[in-house]
Every structure is written in C-alpha cells, then in structure tokens.
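Protein sequences appear in the order of chains A and B. Just so you know, this note's numbering puts 18 at position 18 of the first sequence, and the rest follows in order with no gaps. Just so you know, this note's numbering puts 68 at position 68 of the second sequence, and the rest follows in order with no gaps.
What the hints contain is simulated information worked out from the structure, not anything from laboratory work. Among the hints, a few may not be true.
Pair ranges (Cβ atoms, derived) [as the list claims (entries may be wrong)]:
(1) 52(B) x 53(A): 26 to 34 angstroms
(2) 22(B) x 41(A): 31 to 39 angstroms
(3) 80(B) x 61(A): 41 to 49 angstroms
(4) 55(A) x 7(B): 36 to 44 angstroms
(5) 94(A) x 105(B): 26 to 34 angstroms
(6) 40(A) x 22(B): 21 to 29 angstroms
(7) 106(A) x 15(B): 26 to 34 angstroms
(8) 105(B) x 12(A): 35 to 43 angstroms
(9) 52(A) x 71(B): 41 to 49 angstroms
Here the structure is a predicted model, which means the values were calculated and not measured. C-beta atoms are modelled at their ideal positions from N, C-alpha and C, and glycine is treated no differently.
Chain by chain, the residues run as shown.
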Amino acid sequence: GENVEQHPSTLSVQEGDSAVIKCTYSDSASNYFPWYKQELGKRPQLIIDIRSNVGEKKDQRIAVTLNKTAKHFSLHITETQPEDSAVYFCAASVGPSKLTFGTGTRLQVTL
Amino acid sequence: DAGITQSPRHKVTETGTPVTLRCHQTENHRYMYWYRQDPGHGLRLIHYSYGVKDTDKGEVSDGYSVSRSKTEDFLLTLESATSSQTSVYFCANQLAEGYEQYFGPGTRLTVT
Numbered sequence: 001g002e003n004v005e006q007h008p009s010t011l012s013v014q015e016g017d018s019a020v021i022k023c024t025y026s027d028s029a030s031n032y033f034p035w036y037k038q039e040l041g042k043r044p045q046l047i048i049d050i051r052s053n054v055g056e057k058k059d060q061r062i063a064v065t066l067n068k069t070a071k072h073f074s075l076h077i078t079e080t081q082p083e084d085s086a087v088y089f090c091a092a093s094v095g096p097s098k099l100t101f102g103t104g105t106r107l108q109v110t111l
Numbered sequence: 001d002a003g004i005t006q007s008p009r010h011k012v013t014e015t016g017t018p019v020t021l022r023c024h025q026t027e028n029h030r031y032m033y034w035y036r037q038d039p040g041h042g043l044r045l046i047h048y049s050y051g052v053k054d055t056d057k058g059e060v061s062d063g064y065s066v067s068r069s070k071t072e073d074f075l076l077t078l079e080s081a082t083s084s085q086t087s088v089y090f091c092a093n094q095l096a097e098g099y100e101q102y103f104g105p106g107t108r109l110t111v112t
C-alpha cells in the first residue's frame, strides 16, 4: 500500500518568515495530494490540494508543489502569521478517496 | 462542515466492553470514512463506505467493524474494546471522487 513520510515533525518560524513542509510518497500511481490543517482540539480541514497533472498550485499565501519523478510534494506558507500555528498533514491517494496521511508537522509561528 | 456530526464526543469504557460510535451526515454524501488519530501516527484509515451496505477495510481494521444501513449514518463498532484502541476517532464524508473529504468533530475514546 501507499506510504507517506512527512518532515519535519516540528517547525518553528518567526512571524513573517516562510515555512516549508515536505512529504514523500511510495506509490507512483498516486494522483491526488491534499494538505490538511488541524488546530488544537479541532477537526482537520483541507487547505489546498493538487493533482498529478499539475506541478504547482497557489492560494494566496499557500502553495503546493509536486515532483512526480521524485515522488515528493511540499507545502509552502509565506508571510506566516500566528494563526498559521497548527498541525499540518499531507496525504496521498490513488484517486481522491482512500487517503494515506503523513504523521504531521507541528508549526509554531512566534512573534 | 458538510453537516457531519459524531456521537458521543467523549467516552470512557472498560476493556472488553463493546462500543459503538456514530457518524451522522445531513448532506447525503456517498462516501464515508472512519479514521483514528494517535500521536506520531497521523490519521489512519479504519474502514470506509462507498454507499449503503458497501463497506471495505482500511489499513488498521483489526478489532473494528462498521455498518451503513442508511446513507446518513456510518457506525463504527469495537466488539471488545482494548487499551490499544484508546484514540481520537474521526469520521469523514465525501460527495464523490474528486471532491473534498470533510471531517467530523471527533470522538475521544478512552479504554481503561
């Protein structure tokens, strides 16, 4: 089955700096890669996703890049703000249904 | 939030007792999922459903069963709870392939 590795497990940045979270996947047939944000005590919520026919996708301060050859994808957050502090999960699937998640990255944005 | 709720939100039970968690949706989405979330493991898929009475196993299905007799309800049962099943359980739904998975608020289960 699919295996997703996520790094780093914790990340601390100063407000206004950029944050990058990286994931690798094992199944070359995977074609859907969502990113979820989970605030403390809350449910995971989708923040951005990308499909295998696209190399990059942006949504305001958030961007995701995909390298199918290397089987890795990354989340980029620019101009970080305190409200970006949360746990971020990457995931991968063959088709956007049965998701395999990474183990999460705890992002802390300090003032 | 795709009208998805979970009950109970918190439960403490003893080892060996049966436990049923309920996921209810108001949106009539076809796909539903049960995940467990544990520190260091992220979210792991337990079981999923592609429609009424159409379910299948995920990566950590041992010790769990599910049922979906109506589109709106997806039940997760622990036949005989063990301490290793202490976790936070999330239900999710999805309109169809190609659409976002929405998560419920979660159920914190403690097995003593």
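Each hint, compared with the structure:
1. A C-beta distance of roughly 32 angstroms is found between residue 52(B) and residue 53(A), which places it inside the suggested range of 26 to 34 angstroms.
2. Between residue 22(B) and residue 41(A) the Cβ separation comes to about 20 angstroms, which falls outside the hinted range of 31 to 39 angstroms.
3. Our hint of 41 to 49 angstroms for residue 80(B) and residue 61(A) holds, since their Cβ atoms are close to 48 angstroms apart.
4. As the Cβ distance of residue 55(A) to residue 7(B) is approximately 42 angstroms, the hint placing it in 36 to 44 angstroms holds.
5. The given range of 26 to 34 angstroms is respected by residue 94(A) and residue 105(B), whose C-beta atoms sit roughly 28 angstroms from each other.
6. A beta carbon spacing of about 25 angstroms between residue 40(A) and residue 22(B) agrees with the range 21 to 29 angstroms that was offered as a hint.
7. Between residue 106(A) and residue 15(B) the Cβ separation comes to about 31 angstroms, which falls inside the hinted range of 26 to 34 angstroms.
8. For residue 105(B) and residue 12(A), the hinted distance range of 35 to 43 angstroms is not satisfied, since their beta carbons lie about 28 angstroms from each other.
9. The supplied range of 41 to 49 angstroms is broken by residue 52(A) and residue 71(B), whose beta-carbon atoms lie about 30 angstroms from each other.
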